[in-house]
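Visitor: Read off the chains here:
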Amino acid sequence: MDNKALADFFDAELFFFDLDVKSKPELFRRLVELLHEKGKIGNKNVILQTILAREELGSTGLGQGVAVPHSRSLMTKNLILVGCRTKEPLDYAAPDDIGVRLVFLILAPPQDPANQYLPVLGKLVEFVSHEEIRNKLLEIGTFEEFKNLLLGE
Amino acid sequence: MPIVPALETVIILQDLDLMIAEVNDAQSSKTIADMGFNIDNLDKLESARKELLEKLDDSILRLYNRLSRRYSHRVVPVQNNICLGCFMTQPTRFTDTGNTQLRTCQSCNRILYKI
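Chains Y and S, in that order, give the protein sequences.
Just so you know, we're using our numbering here: the first sequence kicks off at 1 and counts up by one.
Just so you know, we're using our numbering here: the second sequence kicks off at 1001 and counts up by one.
Excised from the complex, chain Y in its bound form (with noise of 0.2 Å):
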């Protein structure tokens, strides 16, 4: 998978800058509440419970202030991307200790048959592993500006 192809699972609706949350809980309930606004879920109750679910299993924190929370759920359609930046840095049980501000959300329905979700996974992984692109998610404030990132232009 390429960063274009990446990039076509983003949604500018699905995208939130600067979120004003004050705990991990917090944001997936903001999240997950904005999700169903939009249309994009089912029962926002199972959802929720999902994505704890795999927070239980080990924090989706990945160190220097990058989490990618994802699960797959029957309450779901198709692949989502939710791309999210924090108002404040949040307590996330992150290996390093870091707060946490950049959050890229993924949800995938358990039958894939286009089996994208770990390519999706992987290749968002790959992208904010960059300190550069780290230090200029948090400092873009469109859409436009985030996908001109992703795509290197």
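These aren't lab readings, by the way, just hints derived from the structure by calculation.
Among the hints, erroneous ones may be present.
Derived CB-CB ranges, DEER-like [to be verified]:
(1) Asn3/Y / Pro1005/S: 38 to 44 Å
(2) Asp1057/S / Glu139/Y: 50 to 56 Å
(3) Ala12/Y / Thr1092/S: 33 to 39 Å
(4) His130/Y / Gln1106/S: 50 to 56 Å
(5) Asp18/Y / Gly1098/S: 51 to 57 Å
(6) Asp1025/S / Gly99/Y: 28 to 34 Å
(7) Asp20/Y / Tyr1071/S: 41 to 47 Å
(8) His130/Y / Lys1050/S: 40 to 46 Å
(9) Phe17/Y / Gly1036/S: 20 to 26 Å
Using N, Cα and C, we set each Cβ at its ideal position, and we do this for glycine too.
Please build the complex by placing chain S on the supplied structure of chain Y, with the hints as guidance.
Guide: This is chain S only, laid out in the frame that chain Y set:
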């Protein structure tokens, strides 16, 4: 869309079971761990699973366990009256109640979730 609590619980249970299966699959777990994710606390998922099982009536639990022996996906979407597990058409009267009742496919017996 309203959803009957038992259906909500079996969907969460299936989501958990698929997560556990992914961790137990050597190739998937290696892929995820290589990306830098921590997937060490399988015991916590198992505990969460046990709590969910306690919420289910015996008859639904038996059905879920029976389906688990045959299918990796025990709860499947039904769309336009078609079960997306076996692709057989379901009677309209069967699906027009949405998710307010727990229904199973007339053909494969999987639990249905209307999308």
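Visitor: I'd like to know which numbered hints this structure contradicts. Please list them from smallest to largest.
Guide: Structure breaks hint 5 only.
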